[in-house]
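Just so you know, the sequences run in chain order A and B. For the first sequence, our numbering assigns the number 291 to the last residue and increments by one with no breaks. For the second sequence, our numbering assigns the number 259 to the last residue and increments by one with no breaks.
I should point out that these hints are in silico values taken from the structure, not numbers from a laboratory. Only a predicted model underlies this, so the values are computations on that prediction, with no experimental measurement involved. Where a beta carbon is used, it is the ideal one built from N, C-alpha and C, also for glycine. A portion of the hints provided could be inaccurate.
Reference excerpt, derived from the structure (chain B facing chain A, CB under 7 Å, subset only) [as the list claims (entries may be wrong)]:
(1) Y52
(2) V54
(3) G134
(4) V174
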Amino acid sequence: MALPDKRMTEAEVVSELRSGMTIGIGGWGSRRKPMSLVREILRSDLTDLTVVSYGGPDIGLLCRAGKVRSAVYGFVSLDSIPLDPHFRAARQSGSVEVTELDEGMLLLGLQAAAWRVPFLPTRAGLGSDLPRLMPQFKTVVSPYPGPDGGEPEELLAMPALPLDAALIHMNRADQGGNGQYLNSDLYMDDLMAMAAEKCYMSCEQIIPTEEFPAHGSIHTQRISRLMTTGVVERAGAAHFTECPPDYARDEAFQREYAATAKSDEAWLEFKAKYLDVSEDEYQALTSGGAK
Amino acid sequence: MSTIDAASVTRAEVCCVAVAETFRGDGERLCNPIGTIPMIGGRLAREVFEPYLVMTDGFAAFAANPLPPGADPADAIVEAWNPYSQMFTVLWNGKRHVMMGATQVDRWGNQNIACIGDWHQPRAQLLGFRGAPGNTIHHTTSYWVPAQGPKVFVEAVDVVCGIGYDRARELGPVASRFHEIRRVVSNLGVFDFETENNTMRLRSVHPGVTVDEVVAATGFELVIPSDVPESRLPTDEELRLIREVIDPTGQREREVPNP
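Between the sequences and the hints, there should be enough to build the whole structure, so can you do that?
Structure below.
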């Protein structure tokens with residue numbers, strides 16, 4: 001079996017990213033986020049990023065660290081804490097541009113990009129303040145008659161959200177870039193991957209391809225190597241977000257993170273301890289993957 | 001005959017029943033209440049009078065059993081898998097009645113959960129639009145307000161996330177044909193839009209609440225019928241289900257403290 005070897009380190013992934021890029025981040029809220037790649041971006045001199053995400057601490061951290069020019073999101077939640085406090089601070093200080101989407105619109109934008117069509121029609125958003133506040137969203141009139149042969153329907157045309165790069169995290173992967181998720185929900189990780197020019201996938205463990213069935217049914221093998229450019233093996237990569245069945249969310253650490261929005265001193269202390277260190281040191285400090 | 005000691009029934013328990021009543025008649029569709037008392041009320045409706053309702057485990061599955069709020073999804077008896085990507089198909093398909101929260105709601109049923117102040121640089125960032133625009137244009141929606149006051153029931157919401165009847169009317173009958181704001185349930189009473197212009201009406205007051213209290217906690221002119229009924233009390237069986245099966249740890253009392 002001739003499988004490409006797509007193994008990379010976090011640093012190698014981030015060296016392929018550029019300031020100003022549009023980067024999609026997989027997972028959902030504080031669930032199965034590619035946090036070791038996010039932390040590597042925090043360590044880099046990348047800036048001016050547009051971040052597209054069903055957001056959690058990925059957006060919060062990147063905003064707090066001044067990496068974000070623009071955020072495109074369906075929400076920015078820590079699940080057990082309904083709103084990421086660093087993101088809230090960024091919004092209230094006006095330090096980031098935002099495209100605040102209906103959650104379903106975000107799915108359609110990624111799907112349109114994955115299918116390489118300019119938009120997908122939807123009723124979501126019609127009548128709300130969303131297209132009034134974000135006038136980049138246009139409507140489209142159906143070329144077909146409406147219900148019962150009447151007036152054609154006017155729908156919101158959700159534009160494609162093409163990504164320069166996507167970052168996703170899987171429980172298992174092989175060296176060729178096939179990925180397997182073992183929790184109950186893939187989220188939109190497949191769409192993120194296919195909406196992107198390049199998709200970098202971290203995983204808890206790289207295994208031989210033939211061992212996937214020992215970890216989960218065929219239905220869990222949802223990321224194919226057609227979608228991925230690189231694969232990073234890192235136990236604990238998703239810490240402090242949840243990555244079941246490998247580990248639960250580190251709620252104590254998440255509370256500590258959230259509390260650092262209270263003052264610059266608290267943030268700088270957290271940053272010095274957990275972010276200005278190597279990923280190996282971070283993992284040793286938090287024993288992220290061992291919980 | 002009821003053996004209920006009415007005095008022992010808490011405001012939170014009345015709210016659970018009022019929420020359950022919101023789902024009466026829904027038959028076989030996804031009953032998707034968000035929040036502690038909404039979740040208890042939805043499960044109560046299914047246990048007592050709407051047996052074919054479908055409900056989630058709060059994660060990626062439809063669960064057949066009445067899970068307590070915050071239950072481990074491992075305790076679910078799974079009827080079907082419903083990951084997020086599939087959830088959008090369910091909701092755009094329309095077989096769903098969601099009960100969302102509302103930081104602000106107005107007389108037309110417009111709802112705001114996005115932010116307070118100017119959206120471009122809000123005074124207080126809240127949840128964002130989340131699913132509200134897509135929910136309200138595609139299927140039945142109700143709202144839950146655990147602490148009603150004039151800053152919640154407002155003359156005009158700061159951001160229209162979930163669309164109300166005035167916005168639906170502007171879109172016309174075709175675009176808005178799936179729109180229905182069924183009820184608003186608060187800690188003080190129950191509200192609907194069954195009026196000539198679909199402006200909000202006081203449907204019932206919870207026992208111990210006066211109409212004047214509701215009016216004082218509302219920042220716009222409510223439609224108030226000449227005779228406002230009281231929200232009904234739970235039956236013996238409903239009270240047993242709430243207290244022993246669906247919410248044995250009493251989480252409802254933390255969401256709406258007894259006055």
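Do the hints match the structure? See the list:
| no. | hint | in the structure |
| --- | --- | --- |
| 1 | Y52 | violated, 24 Å |
| 2 | V54 | violated, 17 Å |
| 3 | G134 | holds, 3 Å |
| 4 | V174 | holds, 5 Å |
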